[in-house]
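**Q** Sequence:
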Amino acid sequence: MNRRTILMLGLLSAVFATAAPQVGVTQSNPLIGTWKLNLAKSKFSPGPPPKSQTLTFEGAGQDLKNTAETIDAQGQATKTVFMHIYDGKPHPTTGNVVFDATTYTQIDANHVNWVRSKAEKAVQTGSNVISSDGKTFTVTTDGTGANGQPISNVAVYEKQ
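Numbering (mature numbering (1 follows the signal peptide of the UniProt record, and there is no 0)) for the sequence shown: -19 to -1, 1 to 141.
Watch out, some of these pointers could steer you wrong.
Stated by the list, open to error - The calculated lysine-lysine pairs, modelled on DSBU-like cross-linking and capped at a C-alpha distance of 30 Å, are: (1) Lys24 x Lys70; (2) Lys60 x Lys24; (3) Lys116 x Lys24; (4) Lys116 x Lys22.
Said to hold, decoys possible - With beta-carbon atoms standing in for the labels, derived distance ranges: (5) Gly40 x Val110: 16 to 24 Å; (6) Gln55 x Ala90: 34 to 42 Å; (7) Val62 x Ser108: 16 to 24 Å; (8) Thr15 x Lys102: 30 to 38 Å; (9) Asn94 x Lys24: 15 to 23 Å; (10) Asp68 x Ser26: 29 to 37 Å; (11) Gln55 x Gly115: 27 to 35 Å.
Since the hints were derived computationally from the structure, they do not count as laboratory data.
Ideal placement from N, C-alpha and C gives every residue a C-beta, glycine not left out.
Sequences are here, hints too, so could you generate the full structure?
**A** Structure follows, in C-alpha cells:
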C-alpha cells in the first residue's frame, strides 16, 4: 500500500469510529419507531380523549425527535414536535398552544420525567415510561389543558 492509501484508510476509520456510537445510541433506543394510542387502556380527565394519536420517534444525533400527530375529539388534526434532549434544560416544542418548551430529565433507561412550559412558566408535568419488553409506552400528564382546566391523563401507546 502506498502512503496515500494508508492515509485514506486511517481517515475513513476515524470517520466510522466517531459515527458508529451515535448510530448505536439511536438504533438501540427502544422508543425509535411508531407508537399508536390505545384508547381502551388510556384515561383522559376531564376528557374527551382524542380520536387518535400516533407518535413517531426518530434519532437526531444522540437526541430524539418525537412527532405527535393527533386527531382531537372534534376531528381537528394537529402535529406537535418534541426534541427529547435529556439535559434538564428547556428546549422548544412546536405545534401546541398550551406549551412551547419541554425539559426532560432521564431517570433510567426506561423512565423520563418532564416539565412543559409556556413563556418559561410550567404548565404541565409528567413522565414517560417504556415497558421492560419495549412494547408499551405510557405518558402521564398533570397540569393545565387547552381550556385552562386542570387535566390528569394517562396515555398508553403500543409499538407498531
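**Q** A separate judgement is required for each hint: does it hold in the structure or not?
**A** Hints and how they fare:
no.	hint	verdict
1	Lys24 x Lys70	holds (29 Å)
2	Lys60 x Lys24	holds (21 Å)
3	Lys116 x Lys24	holds (19 Å)
4	Lys116 x Lys22	holds (14 Å)
5	Gly40 x Val110: 16 to 24 Å	holds (20 Å)
6	Gln55 x Ala90: 34 to 42 Å	holds (37 Å)
7	Val62 x Ser108: 16 to 24 Å	holds (20 Å)
8	Thr15 x Lys102: 30 to 38 Å	holds (32 Å)
9	Asn94 x Lys24: 15 to 23 Å	holds (19 Å)
10	Asp68 x Ser26: 29 to 37 Å	holds (31 Å)
11	Gln55 x Gly115: 27 to 35 Å	holds (33 Å)
Violated hints for the displayed structure: none, as all numbered hints are satisfied.
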